[in-house]
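Chemist: Take a look at the letters that make up each chain.
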Amino acid sequence: MNPNLYLWMIPLLPLTGAAVNGLLGRRFSKKTVAGVALFFSGTAFLLALRVLLSYSSLTLPYVEPGISWIRSGEFHVNFAFYLDQLSLLMLMVVTGVGFLIHIYSVGYMWDDDGFYRFFSYLNLFMFFMLMLILANNYLVMFIGWEGVGLASYLLIGFYFLKDSAAAAGKKAFITNRIGDLGFLIALFLMVQHFGSLDFQRVAAGVAQLPAEVAGAGVLTAIGILLMVGAAGKSAQLPLYVWLPDAMEGPTPVSALIHAATMVTAGVYMVSRSHVIFDKAPTALLVVAIVGTLTALFAATIGIAQTDIKKVLAYSTVSQLGYMFMACGVAAYSAGVFHLMTHAFFKGLLFLGSGSVIHALSGEQDMRQMGGLRKKIPWTFWTMAIGTVAIAGIWPLSGFHSKDEILWKAYSQGPSKMIWALGVLTAFITSFYMFRLLFMTFFGDYRGSLESGDQGHDAHGPDLGHGHGHGGIHESPALMLVPLVILAALSLGGGYIPALKFLAPVFQTESSIGHTGAIATSEPALEESADKGTERFLQFVSVGVALLGAFLAWLLYLKSPYLPAQIAAWAGGLYRTVSNKYYVDEIYNWALIVPLLAMSRKWLWKGVDQDFIDTVINDSADATADTGGVLRRMQSGNLRSYAAWLTAGGAVVLAYMVWLGVH
Amino acid sequence: MVPLSYYLVLSAILFACGVLGFLLKRNIITIFMSIELMLNGVNLSFVAFASQWHALSGQIFVFFVMVVAAAEAAVGLAIIISVYRTRDTLNVDRVDLLKL
Amino acid sequence: MHLALFLVFGIVCVAGAVNLLIQSHPIQSALSLIVVMASLAVEYLLLGAEFVAAVQVIVYAGAIMVLFVFVIMLLNAGEEERSQGSHIALLLGLPSLLLVGVLLAWSVTHHATDSVRVGSLYGDPRTIGKLLFTQYLLPFEITSLLILIAIMGAVVLASKPEVTPVGPASGLTTGKEK
Amino acid sequence: MSFWIYTLVAVIKIALMLFVLLTAVAYIVWLERKVVGRIQNRWGPTRVGPFGLLQPAADGIKFILKEDLTPPHVYKPIFIAAPIIAVVFALTSIALIPFGNSVHILGYDIPLQITDVNTGLLIVLGITSMGVYGIALAGWSSNNKYSMLGSLRASAQMISYEISLGLSLIGVLVLAGTFSLRDIVQSQGGHFPGYIPHWNIFRGQIVAFFIYLTSAYAETNRIPFDLPEAETELVAGYHTEYSAMKFAMFFMAEYANMVTVACLATLLFLGGWNGPIFGPPLLQVLLPVLWFFLKVFVFIFIYIWVRGTMPRFRYDQLMAFGWKFLLPLALANLIITAFVVAVRA
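Protein chains in written order, with the numbering used here: chain A, 1 to 662; chain B, 1 to 100; chain C, 1 to 178; chain D, 1 to 345.
Just chain A, same shape as in the assembly:
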């Protein structure tokens, strides 16, 4: 049967790494800290690799029972681990990309003072993410879910001396928590209806229930609530505000958490509970709508951003919108496939932007950049590959996954509108990505960095290839190697047979399509007519991508003055878009201000001050007054006591006589 996969070892290693670095890091030298971090994440990656290699001899899904955690009545939860194709793929992505980013951040964070703290948080994040992926039931997944939120808070707020970083950290955590509330309520409903949170038990419970076509019922509720959780974690429309602000954290953090792994947790969770969504078409519709709208919305904001990391952040939100759009049309495998490829090229783009910022020693505003092609060639070429991949141009991985989603949206989607919006978003995506590329690497250098070095660009001589101080310089090898690897993955990623790999996960559980019209399983789709249309749609999407690239080239290279004119002509529209549709301000005005006002005026003044204080003070006064009255009785005069005595006696006697009479 299955060899012992030591699944529990995989999350445990980063945890020990985090503990060692966190507790003893202060006394270690930077090299030892880096060594410890890389060793533990590396071994985790090797273990995952060992599992992947022995994949052929495995009979998945493989459940590894762990120690029991909760046992109340018949509701049991234990630390069990679950492995199937989906979690294996996620495992590979998380450990692989995670390990690369660890290597990159050694170089990037070398001259930062919180070195050991950064790596212990990074390992901690890895541990929680692995717990989330390998969980056998929703509760352990929820531990990972919260842990990842915590790690993101710690990492975003890494430069805690900067107020904006701390505020961003808090904002991220609170928005996540709002999403988690939905997730929790969904869990409660599951416990109530299915009596357990294990994936198999839940799936079995769902199987007995009829499909809720009418759009109301337990499964729909659970589905929508799960979507709310996913929206919180994966920065979808209502709760995406924290992701752009999360750019306050160091770039490797953005790469790891806000591109490759954490934000994809929502997609993983939705695809993991596809069983529920299959039986709740309305919930699925909601997912699709939210996904599409987020994609379009974020893409439009991306156009007007000037900060290089903000552009990438909005592009992440937009790509996540794509993934949810895929799940929304019940094409979970396409969604996960795009997740994987996105992890590669978005990680690459973020790390690339990191090395650009590193090169320009902290400069993030694209208007200060330009013409860096010659100065940092390696970064330029890797970033170029990433941009082409994300735009979805033919040979690269981006095309394969995005086109798969568009095709599924067209063929299975509830309405053709989703496909149309998808294509429009693709056009805008390729436009702002190429805008970024041209503004940073082409044209002449608009920055002011020519003379002496500013900021923290000095880097350890022993690592980099000894490039002198000052001036724009290429990043050291330690940072470039991960870039090159990711570039390679972005190139070849599309050809990884993810779809066939994931087929058994989604094929066995659901046989009925969400609209019941067309069987969802991919292999059953091989009619020739569809092949034709699919071929045609692929040409449409590549065409759109090339059009976006040409338009960017036209505006930013051929005639650089044009964007300023368009901005002036657009006027109000341009200002709203560049100010992110004032969403933050709206939230602030609609939610935060009234909340503060209510709590200050009503809770603090009204309830606490007026009600509670007065009650206490009044009772104190009352006792004091009665004390005053009684005090006078103790006059010390014997004869007054005698009088009271006689009075008492008289009353008692009267009562007894009265009693006797009746």
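Calculated directly from the structure, the hints in this document are not laboratory data.
Among these hints, one or two may not hold up.
Within a straight-line C-alpha distance of at most 20 Å, the following computed SDA-like cross-link-like pairs (lysine to any residue) qualify [what the hints assert, rightly or not]:
1) K160/C x L152/D
2) K160/C x R87/B
3) K99/B x P161/C
4) K130/C x H54/B
5) K145/D x A338/D
6) K375/A x G362/A
7) K130/C x I79/B
8) K160/C x A320/D
9) K130/C x A338/D
10) K76/D x H25/C
11) K99/B x R631/A
12) K160/C x I79/B
Go by the hints and put chains B, C and D onto chain A.
Modeler: Just chains B, C and D now, kept in the frame of chain A:
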């Protein structure tokens, strides 16, 4: 033939005089004596009821009341002496503070 | 005959009690109390309680009142001065006393109806002795204990303290000019 | 026996009893002065009448005629009441003493006793205990340091010895089984083989007899215990301020108490009027009375004899003797007699 109620009225009057003394008198010893008077009133009603119900236990109780009255008188008078020794007055209205 | 005796000694008794209230000097009230007790002894005889009467005379009038007279003489405090201590004593005390009196009178007249014949119950020492030492032995022992404690208490309280107290009078003042 | 005859007889008896008592008191004074004189090797009163026999009459007239002054600052009402109280209580106790057996005159059987109460002994005890007030009030009301001290001592002494007196009597009660004095005397009739009469003194009450005697001396403030009117220390004790008639009353009260105590002693321990009776019927009626008075005379003589010879107790010795020796002895005697009676019964 004397109706029992006469005896009880007499004991009631004695008791009332005792209580009056207790209330009106200023001298501690006189107050103490009015208490004895009250006890005597009670003794009389004890004996009266004993003879009414032909139970000697009434009279036995009179002994116990006397014993208690004796004990009380002894201790009470000792206290009065010590009060007089420290306060130099027997007027109850003067003796109203716990400290000297 | 029985009624006549009862009325005579009843009146003497009430007169004594009232005299106790009226007199200002404690010695006078003490003597009037002795008169009350003696007349009560006769009342007991009328009720047939000879032993109680004898004990009343010997114990109450003969010993306790001697103690009182003794202390009055010892302290020699003299007349009672009319100090206005507290009005509440009269304000609250008298009405409640009135209430008690009325209630007692009412209940007595209504309930105790039958009358008493001389000698109907003969409380002679033999039967009382037997009863006392059989049925009421426990109270008897307890009261003896009580008396023991009272004696010790009295001795301790009344004995002159070794160290003179702070107060003005440091010793027994006998025969002080009044 | 109709009501009127009963009262007539009672009045006669009371008059007879008072006359006998008062003359006896007077002549005891005479006897005492004579005997103490002879003890102190002098003659005592001889001039007034043969052998001074009229001396008491002379004293009586002197007391009546002397000026009866009441000093100022004296608490007048009680000053006058004190001697009266003393005399009244001293004389009333004689009423219960049976001095002879019953007599048959004109067909009525008249007991030679003013009143026969079945709790006689208790009442005598009550009256003697009330006697204390006379002395206590006398001392206090005369507003004089010495008399005050004298009265305090006297009352303290009398109260303390009253207890041992009572306890010593209980032995006799246990033997006789009744409080009535007449029954006690009758229980002492007859005699043991060997002509020893059934008097209580011979029936194991010898110790009780002596306890009774000593506490009786203390009760009447006689010599070993006459601290209250000790001339040397307290001028004249509680009756310092008294003169003439009031003084005579105290004097009379003291001697009356002596007679009462003597009578009680004879009744309880020497078998009252029991004695060999012989001769014609008239003689047989008078003989018991004669025996009774003979025994009383013996006790009086012992009184006077003790007065002539014994030194005076100091106050603390007196108190210690009363509480620490006499009381325990009386209790022991009581327990032993009770035990003996229980065993025999």
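Chemist: Could you run down the list of hints and mark each one as holding or not?
Modeler: Comparing the hints with the structure gives:
| no. | hint | verdict |
| --- | --- | --- |
| 1 | K160/C x L152/D | holds (17 Å) |
| 2 | K160/C x R87/B | holds (15 Å) |
| 3 | K99/B x P161/C | holds (18 Å) |
| 4 | K130/C x H54/B | holds (16 Å) |
| 5 | K145/D x A338/D | violated (46 Å) |
| 6 | K375/A x G362/A | holds (16 Å) |
| 7 | K130/C x I79/B | violated (37 Å) |
| 8 | K160/C x A320/D | holds (19 Å) |
| 9 | K130/C x A338/D | holds (15 Å) |
| 10 | K76/D x H25/C | holds (13 Å) |
| 11 | K99/B x R631/A | holds (18 Å) |
| 12 | K160/C x I79/B | holds (12 Å) |
Hints 5 and 7, counting from the list given before, are not met by this structure.
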